[in-house]
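Listed here are the chains, written in short residue letters.
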Amino acid sequence: MTELLVKNAFVIDPLSGIKGEIMDLAIRDGKIVEEVGNGAVVIDAEGCLTLPGGIDSHSHVCGTKVNFGRYMSPEDMRAGRTARKGVMHVTSGYSVPTTYGNSYRYSTMGYTTVLEGAMAPLEARHTHEEFTATPHQDMLANTLFDGNWAIMEAVKERDVKRAAAVVAWTLSAVRGFAIKLTNPGGTEAWGWGEDVHSIHDPVPHFGVTPAEIIDTMIQANELLNLPHSVHLHCNNLGVPGNYRTTLETIERVPDVNPDRQSLYLTHVQFHAYGGSTWRDICSRSEDIARAVNQRPHIAIDMGQIMFGRTTTMTADGPMEFKLYMLHHNKWSNHDVELETGSGIIPVYYSRKSLVNCVMWAIGLELALLVRDPWQCMLATDNPNGAPFVKYPEIIALLMSRRYREKEGEMIDPKTGHYAPLFAIDRELDWYEIAVMTRAAQAKALGITRIGKGYLAPGAEADIAIYPLKPDQLDPSTDYQQVAAGFSRTRYTIKRGRMVARDGEVIVEGANSTIWSRAQVPAEYDMNHDSEFVKKFEQYYTVRMRNYPVQDVYLPRGICIGTESSL
Amino acid sequence: MRVILKTRPRAKPKIPIEAETIIPQNFLGNDIRVFEGNKERRLQDLFYVTIEGPAVSPDQIEVVLTGDTGVLKRVGEYMNAGRIIVEGDIGMHCGNFMSAGEIIIKGNADAWLGREMRGGTIRCEGNAGHYCAAGYRGEKRGMRGGIVEVCGNAGDFAAEYLCGGEIRIHGNCGDMPGVEMRGGTLIIGGNCSRPCGNMTGGTCKIFGNVAGFLPTFRRNGTEEAEYKKKRYLMDAFRGDIANRGKGTVLVKR
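Read top to bottom, the protein sequences are chains A and Z.
My numbering numbers the first residue of the first sequence as 1 and each following residue consecutively.
My numbering numbers the first residue of the second sequence as 567 and each following residue consecutively.
Keep in mind the hints are simulated off the structure, nothing from the lab.
One or more hints might be untrue.
Unchecked claim - Heads up, simulated DSSO-like pairs for lysine-lysine below, C-alpha to C-alpha not over 30 Å straight-line: (1) A:K161 x A:K534; (2) A:K85 x Z:K812; (3) Z:K812 x A:K330; (4) A:K322 x A:K352; (5) A:K352 x Z:K580; (6) Z:K812 x A:K322; (7) Z:K706 x A:K330.
Construct the complete structure from the given sequences, taking the supplied hints into account.
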C-alpha cells in the first residue's frame, strides 16, 4: 500500500466542478481517496496550479506511418537529441521523436493519456508494440474504418447492424478504442487514382458516398454503445473552400447521445478554409464556430499549426500526394490492403507564407470563437500542425491577446485581411485551459468511467502540478511565464507514482492500453459469419485467425466493455 | 596569432578524436576540450600546443595541425573566420557548416569534406573521400556557398545536393557526382561516371571522360568553357528531364 499526500494544491478540476481551490489531494494505491494515514509521503505544492493529468485526444505518436516518418527523416532525428540520464533512455528527433522521446516530453508537460489518432487495423501489432515503449502515458488507438471493404459493402446494402458487427469484431481483434474515419471514401478512391471532392461523390466500385459512410458509422457507433463517438477527419482536407464540406458534414449529424458528443471532428483548422485557390484562401472559422456553437452535440479539436519544421502524416493518401505536388520534397504514400492508406511528407510552416499565417490564425480563432471550451479541445494533430511540445505556446497565445498581437507583428502583414484573429478580444482563463487540455478530452473520449480526467475520490491519481501560481500571475501580460510553466511540470504523478520532477523523468514507466469491446449477439459475431470469413480469406494476404492481436502485445490492457443494442 | 597543434603519441592511436572545437574563434581564450572516443579530454592532453603572437579577432588566427591528423574529425565545424592549415591528412566531416575563413589540407581528406558549408574556402591538395561537399543524410540542401577545391581525386557522390557555391575537382570523381544538384557549379577536371542524376539546377562542367551518361538529359548544342586557362568546346545537355530539371551539364568533346 503506497500513500501520497499533495498539500496546498491550487486545484482546478472541471469535471468535479472545482474552479480553483487550495486543497489537499490524498492518494492510495494509484487512486484518489478521501484521506490517507500519517505515514503518507507528502508533496508540498505551495499553491501551484494542479490539474488532472493531461489528455491528448488526437496525436500521432505510434504506429507504422509514424515510424516511416522517422526513417525517411534522418535530419529530423538529428534535431532533438538528449543523452541518457538516470532512468531516461537516449532520445532523438523533433517532430517524429523516438517513442521514449515522445513519452518523456509528454510526461514533463504533465500529459498522462494519449490517443493515437489513426491505427490501420492490419498494422495494429506494430502500434501496440510502440505503445508498450511509450511507458509514461496510457494509450488508446483510434482504428481506421474509412476505406474498409466490409464496412463499405454494409453501407451499400444499407445494413447498419452489419456495419456495427464488423466494427465490433475489428475493434476487439485489433484492440482498438474507437472508430476513426479519415477522408471517408477518399483514401479508397485514391487506390483507384482518384479522390472524392464532396461528401456526395461516389467511391469507385462501391458506389457509396462519404455522407452515407459517416451516417452509417454514427448509427453503428451508437448501436454498439462505444465510449467515444465517431472520430472524423473530414473530406477535402487542406483544400481552399473546404469549409462548405465541413459545414455540410456538421449539419447532417443528429444528436444521438445524451452523455457526450455525437461526432468528434478533428483538426478542424485544416477544414475551415474559404476562397477558391491558394491565392485567395481566407479564414472561415466564424462559420464553423457558429455551426458548432449551435450544436452542443458536436466536439472539435483545433489542429493548430505553429511556425517551424515538422512532418505531416495522415491516412489521407490523396491529400499528402497533393502536398507533395506543392513541395516536390521527399514523400511517401502507402496502401493498406482492404482498409486504408497513408502518406507522409516533411513540411516547413513559414511566417513569410501568407497561407501558413492564415492557417495559424484559423486554429486560434476556432478556440476563441467556440464559446464552450468543452466543445473545442487543444491539439495540433501532432506532428501535422506542430510537434506537441508547442502546446504551452498555444496555451499562452489563447490566454493573452497581447502575445497574439506581438506574434502578429512578426508574420505576414496581410494576414489580418484574410483572418479575423486580431479583432477577437477573448482571453481564455485557467479554468477554460484546464477544460481544453484534459477535462473535455476525458468527457469526449468517454474515459471518465475508468477514472480519467478528474480528481475526485475514486479517480485515477494522474496529476500534473505546474510551477504557476494563478493568484500571482496575469496571463495576459506574463504569457512567457505561462508558456514556460506549462512546458515543465514541477511534478507529474501517474497512477499515484511520481514519474517526472522539474522536467526530468525519474522512474521507469508502466503504461496501459485502453481498448473497447462491444458484446454482440451470436448472430452478429463475425467470427462465424460465413460471408465475412469467405471474403476475408479470399482478399486479405493474412489468414483470419492470424489477424487478431494477441494479448501478449498488451501487457497491461484495460478493456472497456459495452453491451450493444443489436 | 599562429597556433600550432602537434599530436601527442597516444596509447591507442586509432581512436578517433571529435575535434569540432578546433576552430579559430575558440582560440581567443576559451578552454578547449575535445572527445577522444567517448572520453572528454583537454586539448593539451592530446596535442603539444604552441602559440605564437597575439590576436584580437578570430580572422587573425591561423591554426596549424601537424602529426597524426588523419584521426581528427569535424575540424572547422561552424568556423566563421581565420585559417586552418592541416599538414597531413584530415578525418571525416572537415569544415562542416563553415561560413567563412579558409581551410588548407596538404594531405588527403576523408568523407564529408565541407558538408553543407555556407561560405569560405576549402583547398585539399590530396584526394577527398566520398560525399565531398554534399548534404548529410536526409538533408535536401547540401553546400550553399563558398569554394571547395580538390587537387586530387574525389570519391563517390561528390557535390550531392549542391545548392550554391563552386566545387572544383581536378582529378577524377567516383560514381554519381552532382546527383540531386539544385544550383551552384561543379567542375570536374578528370573522369567520372553517371554524373548529375536528378539534377534540377546548376551547372556541371566535365573536362574528362564520362562513363554511363544518363539517358535523361537532352542535347542542347555546344558551348565553350575555360579550364586552367585553356578554352574547350563542350557538348551541352539540359536535364535531368526525368525530374523536369533545368540544370546544365557540359562535357568536353
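Right, here's what the structure says about each hint:
1. A:K161 x A:K534: holds, 19 Å
2. A:K85 x Z:K812: Outside the cut-off at roughly 50 Å; violated.
3. Z:K812 x A:K330: holds, 19 Å
4. A:K322 x A:K352: holds, 21 Å
5. A:K352 x Z:K580: violated, 49 Å
6. Z:K812 x A:K322: At roughly 23 Å apart (the allowed maximum being 30 Å), A:K322 and Z:K812 satisfy the hint.
7. Z:K706 x A:K330: The given pair, whose Cα atoms are some 9 Å apart, holds under the 30 Å limit.
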